[in-house]
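Engineer: Okay, here's what each chain looks like letter by letter:
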Amino acid sequence: MLLTIEKVLILKSVNIFSSVPEAQLVDLATIVESVEFDAGEIIMHKGDLGSSMYIVADGKVRIFDEEQELGILGNRAVFGDLAALDPEPRAASVQAVEDCTLLRIEGESLYELMAGNREVTRGIVHVLCNYARQNLVRQK
Amino acid sequence: MTDTTVAVDTSLSTTEQWLARLGVRPDERTVTTLLFSNMFLSGIAIGMIRVCALTLFLKHFGSEQLALVAILLAVAGMPTTLLIDKFTIGFSTRAHVFTILGIVMGGLLLFRALLGLTDSTVLVFTLPLFFELAYMLFSLQFIFLLTRLLNVRQAKRLSGIARSGEFVAEMCGGFLVVILLNFLKLEDLLVVAMLTTGMVFLVVNHTTKQFQSTLLVTNEEIVESEIADSRLFAMLRLPYVRLIAGCYGAYMFAYFFLEVAFYRYASIHLPDERQLAEFIAQFFAVSGFLTMLTMVLVFAPFLRKFGIIAGVIVFPLVIFFGSTAVSIMEFSGVAVAAIFAVMVATNCARFILQAAIWKPSVAILFQVLPDRQRTAGTSLMEGVIDPLSGGIAGLCLYILIDTMGWEPKHFLVLLSVLMACWLVLSIFIRRLYLSNLVVSIQKRKLGELSITELDDASLDIIKAGLTSSYPAEIFYCLNLLETIEHPEITELLKQVLSNSNREVRMDVLKRIASMKIRPLIGHISKRIEIETDRAVRGQALITYAALAPDDIIEKLSIYLEELDPDLTHGALVGILTHNPENEKANGFLLRSVRSVSIQDRLFATKVMADIGSKHFSGFLVELLEDKENTILEQAIYAAGQMGDDRLINSLVSKLTNPALLPAASTALRLYGEEALYDLDQGFSSPEASREERLHIIDIIRAEGGVRATEILLRHIDVEQPEIRHRILLSLAGLHYQADPDDQYIFVNKLDEEVYSITWLLAAMEDIYDVDQYQLVHSALCHELDVKRDNMLLLISFLFPSIVMLDTRANIDSKVTELRIFALEVLDNLLTGEIKQIVLPLLDDLTVAERLTALEEKFPQESMSAENRFNDIVESHFDDAFFWTRNTLLYQIGQDRESGLIGKVRESLQDGEATIRETGLWALSRLEPSDLRRTLQIHVGDAHENVSDIVRYLLAGLPEPEPTQ
Chain P
1 MLLTIEKVLI LKSVNIFSSV PEAQLVDLAT IVESVEFDAG EIIMHKGDLG
51 SSMYIVADGK VRIFDEEQEL GILGNRAVFG DLAALDPEPR AASVQAVEDC
101 TLLRIEGESL YELMAGNREV TRGIVHVLCN YARQNLVRQK
Chain U
1 MTDTTVAVDT SLSTTEQWLA RLGVRPDERT VTTLLFSNMF LSGIAIGMIR
51 VCALTLFLKH FGSEQLALVA ILLAVAGMPT TLLIDKFTIG FSTRAHVFTI
101 LGIVMGGLLL FRALLGLTDS TVLVFTLPLF FELAYMLFSL QFIFLLTRLL
151 NVRQAKRLSG IARSGEFVAE MCGGFLVVIL LNFLKLEDLL VVAMLTTGMV
201 FLVVNHTTKQ FQSTLLVTNE EIVESEIADS RLFAMLRLPY VRLIAGCYGA
251 YMFAYFFLEV AFYRYASIHL PDERQLAEFI AQFFAVSGFL TMLTMVLVFA
301 PFLRKFGIIA GVIVFPLVIF FGSTAVSIME FSGVAVAAIF AVMVATNCAR
351 FILQAAIWKP SVAILFQVLP DRQRTAGTSL MEGVIDPLSG GIAGLCLYIL
401 IDTMGWEPKH FLVLLSVLMA CWLVLSIFIR RLYLSNLVVS IQKRKLGELS
451 ITELDDASLD IIKAGLTSSY PAEIFYCLNL LETIEHPEIT ELLKQVLSNS
501 NREVRMDVLK RIASMKIRPL IGHISKRIEI ETDRAVRGQA LITYAALAPD
551 DIIEKLSIYL EELDPDLTHG ALVGILTHNP ENEKANGFLL RSVRSVSIQD
601 RLFATKVMAD IGSKHFSGFL VELLEDKENT ILEQAIYAAG QMGDDRLINS
651 LVSKLTNPAL LPAASTALRL YGEEALYDLD QGFSSPEASR EERLHIIDII
701 RAEGGVRATE ILLRHIDVEQ PEIRHRILLS LAGLHYQADP DDQYIFVNKL
751 DEEVYSITWL LAAMEDIYDV DQYQLVHSAL CHELDVKRDN MLLLISFLFP
801 SIVMLDTRAN IDSKVTELRI FALEVLDNLL TGEIKQIVLP LLDDLTVAER
851 LTALEEKFPQ ESMSAENRFN DIVESHFDDA FFWTRNTLLY QIGQDRESGL
901 IGKVRESLQD GEATIRETGL WALSRLEPSD LRRTLQIHVG DAHENVSDIV
951 RYLLAGLPEP EPTQ
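Protein chains in written order, with the working numbering: chain P, 1 to 140; chain U, 1 to 964.
In short, the hints are calculated from the structure, not lab data.
Note that the structure is a prediction, hence the values are computed from the model and not measured.
One should not assume that every hint holds.
Claimed, not checked - In silico DSS-like cross-links for lysine-lysine, where the CA-CA straight-line distance does not exceed 30 Å:
1. U/Lys59 x U/Lys209
2. P/Lys12 x U/Lys903
3. U/Lys614 x U/Lys555
4. P/Lys12 x U/Lys814
5. U/Lys463 x U/Lys510
6. U/Lys494 x U/Lys526
Construct the complete structure from the given sequences, taking the supplied hints into account.
Structural biologist: Printed below as a string of structure tokens:
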């Protein structure tokens, strides 16, 4: 079981929250949910309506679309962040490669944090810009 | 000690220690050395040209003829500068400086060649003119490099040292001349000048390569240069520049008046050419040496102690006394030798002060202006004001001496008057220097549209905006028309009422209600009939009631029977706003308040919020105790709208619920001053959490005013450092200024804050390199940032608030210039005592340098990382930020530091849930014998996270052995 301080440290290592002072992340850490998955367990299915993001606290997860594997994510990786900001059907499925612990953050909590902390908003804008840039590169 | 000096690290070599004492930081050594070398070699060349030119000149002409030289300098100097500027547009820095030096080199070649071919007196007459031009050009290239390579703070520390090169050269060159004249002809000194100018080329070449990126000429600068001619003179429109130009002009008068008087006395006393040359050389050698000492040792500490004003007034002050003394002595018939001695001393002081204090101060005065104006300003002084005022001074001298037959004793009186005028101008310069600094750091504010003087064309555009397909545009135009109370507003609202967008219709109905436009009753009545959107129709009912027609009750009552909640809502609000006693409507509302349905209760709160009357606060009290957060949130909002003082206490109590905090804060803000008493009580309550207190402070601050300030001041010594910071922040936000009688309190607090920062710095330095303490280090770093901010906030209570808050906003700016200006504001406004402890913490120093700078007042000992960690826990834990306490407990647990178990046990009673949680975990790592018992005590902790962790820890403990 993760302590609040450990959750804060995990959150702090994620891009979106890296500029937020730890003391301010405590509020978020107290409401994030620590969820555990066994190896092979499906964390989310493609097409499910999602409104939460996940951070890999411990372990590895696999992202795939039907038969095609899109990537493996390890510690401190984030997925589902777009769905947290704007609920939408999941674009891919995610499966635990090994036993893993994830932190789940509901979109609503994220918005509350954004309302009171411009550093979080800045972090999120930064992540969104990165997505936009990646898309541009792909289009080229 | 302030940022103008550098803390001396004893591990440095002797040279490095000396440089550090002189204020040269390690990363500034190269630039200082190069600028110094440039000035040194230029100084040798200048010295050689001067001795050659003046000795030959005085052999053929009287010193008063130097006045003509000054006039000719004005004719030649200004066009030369402008031509160089024009010719070098778009040139790289190197090409620009090379062009200037190339002109000097060409001139030297030409004059040496001509002196070999002819002994024409015309040629000899033009030699001092060439000397003045060469001096100006050497100076121009140096300032060009200096202002690009150093910022204002660096210029204050380093320009004295860099410029001292010239006077080391004067000193060396003076003695060198005496030796050289044994082997060379006087004219050959120009060849020596050529050689040293060649060396300046090499130094400039190295400088431009070394600082290529800093000296890069941007396209913007090229464009600026292209309009340079007109811009130079346009600068004189700025009062600040006019004042500096006035002083600069007076300086040029002093320069020529004293030079003429000095050479007059010298040539009388030393009629022999060789003796005169040696005297001049030795005079400049001694003056050069003294100037160098002043530049290196006096300039920076002098400005640091007395500020820029000292740099502006010291020159006129000394010259005033010197020239007045010479005149008085002449008129009193004092011995000639004594007068000559005072004259030499005055000219020597002029020589030292102009180079060591006045000229570097002028460069600093311009560095507070924006980039473009800074470059234009320095060019204006060097290239226009310098030769122009020199010319005028020369013309005056010519008229005074040749036409009016004045002696030095006469025109020196005139000089004294001029110096007195300069002293008066200095007061205004200082004032404008500060205001320019402040303007430089002020936040750029968005311009606001002035709507009081809209012309007909603008009004037509605004009216046209009402037909826009974008609702936001319509709202904007309506806002403008409402603000200016446009006479056609009724007609315009009537038109917009039929807009196809429901949001627009809704907005217009609300505006009609709030403005109570009774002529539109008929239209509202019609809208009730024809409106298809139910919510808009409900609003139409409210608006209809707000206009108070006679048939409100009968027209609206029928809608109470409707099943549609929007219509019922509108009717209920309309009726009860008109008549709060209406029995039927009251009954309807009460049924909704007491309904078991959440929807009904929610409906009731919304109705009461829209009515916003104290009459219904009795109903609302019931809803403020509702178990549903959704209802509570809406009820809190309604309480804010009602403004009933009896509800304030209940609202303050809602701040304890994190889910209701935002709503309660908003509602309380609507109460204004009325809420302050209860907020104060809520803040003082021992049960109030950190979060709750922080919100209360925010609400108090939003209210503002004298009472709010008093409450905040009363709690300024609160124990929790996070809350203390928020109180300081709020007071600063309210632009609090301490009464003169109370200032000592804040000065003491500032001292405490700096002491605390110094301790934190020492602690952080001790654990910096140890991986295991990185978490603690990071927490302390955050504390340090906040305490540093506290320091600036406290300063804002003692000095002009808005200026200090702007300074605070810029002190960490990533734009170097803004940060530098912010530091400069502090340097100019703070008292010496405060500056001494504050600036080392703000300037770009290493931790070790900061500690050294403050060690006299706040000595700190160095410890091993382990000992320091123990020290932090023992001495800082109770005063630390809650996050720091968390990290300390976590570290104790990680390291299984049994010796610190006392603090861990204390933490279990902490008001912060996360501290209790980490404390319990740390205790489980220390495995005391009573662990199970202690955990069991906390299994029922009010905070879910804490009780969860306790259960988890208990589950991990081995089964207790059965008792025998």
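Engineer: Determine for every hint whether it applies to the structure shown.
Structural biologist: Hint-by-hint comparison with the structure:
1. U/Lys59 x U/Lys209: violated, 44 Å
2. P/Lys12 x U/Lys903: Holds - the C-alpha atoms of lysine 903 of chain U and lysine 12 of chain P are around 26 Å apart, at most 30 Å.
3. U/Lys614 x U/Lys555: OK: lysine 614 of chain U and lysine 555 of chain U at ~25 Å, within 30 Å.
4. P/Lys12 x U/Lys814: Since the Cα atoms of lysine 12 of chain P and lysine 814 of chain U sit roughly 23 Å apart, the hinted pair holds (cutoff 30 Å).
5. U/Lys463 x U/Lys510: holds, 19 Å
6. U/Lys494 x U/Lys526: holds, 12 Å
The structure does not agree with numbered hint 1 stated previously, though it agrees with all others.
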